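Turn these sequences into a full structure, and let the hints steer you where they fit.
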Amino acid sequence: MKHVDIVLSGVGGQGILTLASIMGMAAIIEGYDTKVAEVHGMAQRGGSVVCHVRIGEKVSSPLVMEGSADMVISLELSETLKVLQYLKSKRGVVVLNSNALPPPISMILDFQYPSLEAILEELKGIAGEVYVINAHEIASSIGSPQSANIVMLGSAWATGKLALSEESIMKAISRTFRKDAAKINQKAFEEGARIVKKLL
Amino acid sequence: MREDREEVVLMLGNEAIARGAIEGDVKVATAYPGTPSTEVIETLVSLSKDYDLYVEWSVNEKVAFEVALAASYCNLRSLTAMKHVGLNVASDPLFTSAYTGVRGGFVIVSADDPSCYSSQNEQDNRIYGLHAYIPVVEPSSPQEAKDMTIYSLEISEKYGAPIILRTVTRLSHSRGPVKLGSVRRSSKKAVFERKPEKYVCLPANARRMRLEAIERLNAVEKEFNNSSFNAVEGESKVGILACGLAYAYVIDALDNLDLSYKPSILKLSTIHPIPKEFVARFLEDKEKVLVVEELEPLVELQVKALCHDLKLRVRVHGKDLIPLAGELTPLRVLKGLASFLGVNVELPDIKVKLQAPLRPPILCAGCPHRSAFYAIKMAVKKVKVEAIYPSDIGCYTLGYYPPLELVDTTICMGAGVGLACGFAKFTDKVVIATVGESTFYHACIPALINAVFNPSSFVLVVLDNNFTAMTGGQPSPATGVNAMGQQVKRVLPEDIAKACGVEFCKVVDPYDVDLMISSIIEAIEHVKRGLGPAVIVSRRACSLTLLRESRLGRVKLEKRAVETDKCKGCMTCIKLVGCPALIPRAGKIVIDENTCTGCGLCERSCPYKAIEVVRS
Ligand SMILES: Cc1ncc(C[n+]2csc(CCOP(=O)(O)OP(=O)(O)O)c2C)c(N)n1
Numbered sequence: 227m228k229h230v231d232i233v234l235s236g237v238g239g240q241g242i243l244t245l246a247s248i249m250g251m252a253a254i255i256e257g258y259d260t261k262v263a264e265v266h267g268m269a270q271r272g273g274s275v276v277c278h279v280r281i282g283e284k285v286s287s288p289l290v291m292e293g294s295a296d297m298v299i300s301l302e303l304s305e306t307l308k309v310l311q312y313l314k315s316k317r318g319v320v321v322l323n324s325n326a327l328p329p330p331i332s333m334i335l336d337f338q339y340p341s342l343e344a345i346l347e348e349l350k351g352i353a354g355e356v357y358v359i360n361a362h363e364i365a366s367s368i369g370s371p372q373s374a375n376i377v378m379l380g381s382a383w384a385t386g387k388l389a390l391s392e393e394s395i396m397k398a399i400s401r402t403f404r405k406d407a408a409k410i411n412q413k414a415f416e417e418g419a420r421i422v423k424k425l426l
Numbered sequence: 054m055r056e057d058r059e060e061v062v063l064m065l066g067n068e069a070i071a072r073g074a075i076e077g078d079v080k081v082a083t084a085y086p087g088t089p090s091t092e093v094i095e096t097l098v099s100l101s102k103d104y105d106l107y108v109e110w111s112v113n114e115k116v117a118f119e120v121a122l123a124a125s126y127c128n129l130r131s132l133t134a135m136k137h138v139g140l141n142v143a144s145d146p147l148f149t150s151a152y153t154g155v156r157g158g159f160v161i162v163s164a165d166d167p168s169c170y171s172s173q174n175e176q177d178n179r180i181y182g183l184h185a186y187i188p189v190v191e192p193s194s195p196q197e198a199k200d201m202t203i204y205s206l207e208i209s210e211k212y213g214a215p216i217i218l219r220t221v222t223r224l225s226h227s228r229g230p231v232k233l234g235s236v237r238r239s240s241k242k243a244v245f246e247r248k249p250e251k252y253v254c255l256p257a258n259a260r261r262m263r264l265e266a267i268e269r270l271n272a273v274e275k276e277f278n279n280s281s282f283n284a285v286e287g288e289s290k291v292g293i294l295a296c297g298l299a300y301a302y303v304i305d306a307l308d309n310l311d312l313s314y315k316p317s318i319l320k321l322s323t324i325h326p327i328p329k330e331f332v333a334r335f336l337e338d339k340e341k342v343l344v345v346e347e348l349e350p351l352v353e354l355q356v357k358a359l360c361h362d363l364k365l366r367v368r369v370h371g372k373d374l375i376p377l378a379g380e381l382t383p384l385r386v387l388k389g390l391a392s393f394l395g396v397n398v399e400l401p402d403i404k405v406k407l408q409a410p411l412r413p414p415i416l417c418a419g420c421p422h423r424s425a426f427y428a429i430k431m432a433v434k435k436v437k438v439e440a441i442y443p444s445d446i447g448c449y450t451l452g453y454y455p456p457l458e459l460v461d462t463t464i465c466m467g468a469g470v471g472l473a474c475g476f477a478k479f480t481d482k483v484v485i486a487t488v489g490e491s492t493f494y495h496a497c498i499p500a501l502i503n504a505v506f507n508p509s510s511f512v513l514v515v516l517d518n519n520f521t522a523m524t525g526g527q528p529s530p531a532t533g534v535n536a537m538g539q540q541v542k543r544v545l546p547e548d549i550a551k552a553c554g555v556e557f558c559k560v561v562d563p564y565d566v567d568l569m570i571s572s573i574i575e576a577i578e579h580v581k582r583g584l585g586p587a588v589i590v591s592r593r594a595c596s597l598t599l600l601r602e603s604r605l606g607r608v609k610l611e612k613r614a615v616e617t618d619k620c621k622g623c624m625t626c627i628k629l630v631g632c633p634a635l636i637p638r639a640g641k642i643v644i645d646e647n648t649c650t651g652c653g654l655c656e657r658s659c660p661y662k663a664i665e666v667v668r669s
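Chains as they are written, first to last, in my numbering: chain C, 227 to 426; chain Y, 54 to 669.
Please note that the accuracy of each hint is not assured.
[Claimed, not checked] No farther apart than 30 angstroms at their CA atoms in a straight line, the calculated lysine-lysine pairs in the BS3-like style are these:
| hint | chain 1 | residue 1 | chain 2 | residue 2 |
| --- | --- | --- | --- | --- |
| 1 | C | Lys387 | Y | Lys232 |
| 2 | Y | Lys315 | C | Lys284 |
| 3 | C | Lys228 | Y | Lys609 |
| 4 | Y | Lys102 | C | Lys397 |
| 5 | C | Lys228 | Y | Lys388 |
| 6 | Y | Lys406 | C | Lys316 |
| 7 | Y | Lys404 | C | Lys314 |
| 8 | Y | Lys388 | C | Lys350 |
| 9 | Y | Lys372 | C | Lys284 |
| 10 | Y | Lys437 | Y | Lys628 |
| 11 | Y | Lys251 | C | Lys405 |
| 12 | C | Lys387 | Y | Lys290 |
| 13 | C | Lys424 | C | Lys314 |
| 14 | Y | Lys404 | C | Lys228 |
| 15 | Y | Lys232 | C | Lys284 |
| 16 | C | Lys228 | Y | Lys290 |
| 17 | C | Lys284 | Y | Lys609 |
| 18 | C | Lys387 | Y | Lys388 |
| 19 | Y | Lys609 | C | Lys405 |
| 20 | C | Lys405 | Y | Lys232 |
| 21 | C | Lys397 | Y | Lys290 |
| 22 | C | Lys228 | Y | Lys662 |
Because the hints were derived from the structure by calculation, they are not lab data. All values derive from a computational prediction rather than experimental measurement.
Structural data, given as structure tokens:
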């Protein structure tokens, strides 16, 4: 393996930075080099958030080059569209949360929020594999709606493309959260993984 | 962060700088918050107790700079961190600190923001080094960010020169593995030796000091010739000179090119003064060289001058192939490299036709700024005046977006009031300026005094949410605590306004929308009669604080809910208020109970009275 390049997208407040840093931490536990590029400040006030995670023997740039991401993980439905240019054409994997959060401004400006069907249609010519995860529902079902980000991590991991072991991710989760929260998030990870394993 | 052992930790660039400060025996660290620099001091705040470190959030960058400079004059190592535009505010002491020189190592962390992710411009602060006779270094990874912080402290102390450590958003906010070094804290105490001839920049002294500053810079250049942070890789007649983070992109871009040979790379981390001998040795046998640096062609111009002076025949490229504006990315560098090397690359060609909705940052649910803006809008509508809305920099700048649209100007911190002075004088419109309380202390007070001194009548709404919210909720002078966790006297904007000679001054809770509207109308009448500035302090804590307090059971919020039967799905609430707690679902509205703080604006706006207070 040279690199695994991952681009994450979503909306401020969805826990995307936590997700990215867990992946980076797990990479270090595994003995890899890594870089995680985050967005702070303005972009966090409910705006679009994009993070890049790179894992490999030697990683220089914190940014993934367009056309070279092995995977896109999107925590919000329509935000998927904003990072597809990073995907390896027809080979990259897309793991998307079907939860839609239409921004108020699109209502004010009468913008039609794209449907899941339209997005899947768009992905047909672009992505290699697509996984649609109802992460919000899964996380709510285990009593922790704010763990949707970790559900998505479980699903992404279960595709087998992350180059990280379950063990190191679990370790990174337990270092990130306090005791009870760590437990529920490990459960979220497992649930996310289970859904994808069922599909495979 | 607290580990003293040698180990590898995933760290943000800014955390790495903070760690470098700890390992490098920094005793005083100061800042005014500003993205992308904030986490440097935030990290140090969390470590101050463990390492006998004084940390402060200063009132502005100039003060932060001066407090840290005083520590250095007292032979303590110190660090001040600011976003790029912060150094404009601190530029006055910056220039003259190069004249006096320093004693304890003194590092100025300048966090630049290429692509303006959270800023009003993308200036390249390396140029300050050239202009002010101050050395500049630029790390290329979180590991180097830590190591070069220590290096900078040592160089600064050894040569008595203040030094700029330049980082950029993409480094400050990227995580990478950092191998920790050992922490050796000295027990130094501040000692100031009175030496007026060294610290008083009277003209007679200043003329001498300028010569000393030039000498210091020359000495640092010699040191930089041997810096281990500069390195040459490979041998070839084709060279690439990469500065700071650009080096990382160059490595990646080369990986993506199918070349029959390896160009020689000079990684340059000491940007100013450029180590001429070292760079000349690299240039000597080259046919062509590409300089890759973020923003301005600072190194490129110096390399070109060097080639000219040494009569080298090497062709030097730079900003002809690498973009001048905007952040560098692996792809942008790849394109530049490909044309420099004369090779073809297959560029990624994914085209996405389907459009995602725009998602600009917005004011949080229940943000008191939204209530204040809403009231201003209603007041202006009621009295039917035409108004101009100078504003400033903070969360409230987001009042620019629909449906509020009450931000006409945003230039730099403090300009809201300075421009208001001018607009009110030179136009016949009513001027209503909005500034946050942290911004008010930072740079608005002189402009407010000016409005009394050179009479100018405008309404100034000071949006006092008790914190410096935009940058993550640091304490402001209004808060009553400081970075060290001390309980301190609150400095209130209304007291300052009155002391400045302002005669109309009211404090209003923006959640009391009716009172807010009537107060603004009164203020408008006051300024229409030319009676001088009218100040309204809109006081209500940041809604993020409100939510936290309510979760802890300290305050009770009057959260709202929609009665589904009454909701006609007209979306008027979203269109008038635009609060993110209002969520369209199945053609109607639901209110997110997790984020609603009970400001009540949606209830006011609903034509069908479908929104009510939740009774528990
Ligand atoms: C000179 C300068 N320093 C720092 C910043 C970064 N900055 C932008 S907004 C802001 C906070 C302003 O706080 P306040 O005025 O209280 O408004 P709030 O965000 O709390 O609404 C800061 C520090 C800047 N833009 N310019």
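Point to revise | Hints that the structure is at odds with (numbers, increasing) | key: Those not satisfied are hints 3, 11, 12, 17, 21, 22.
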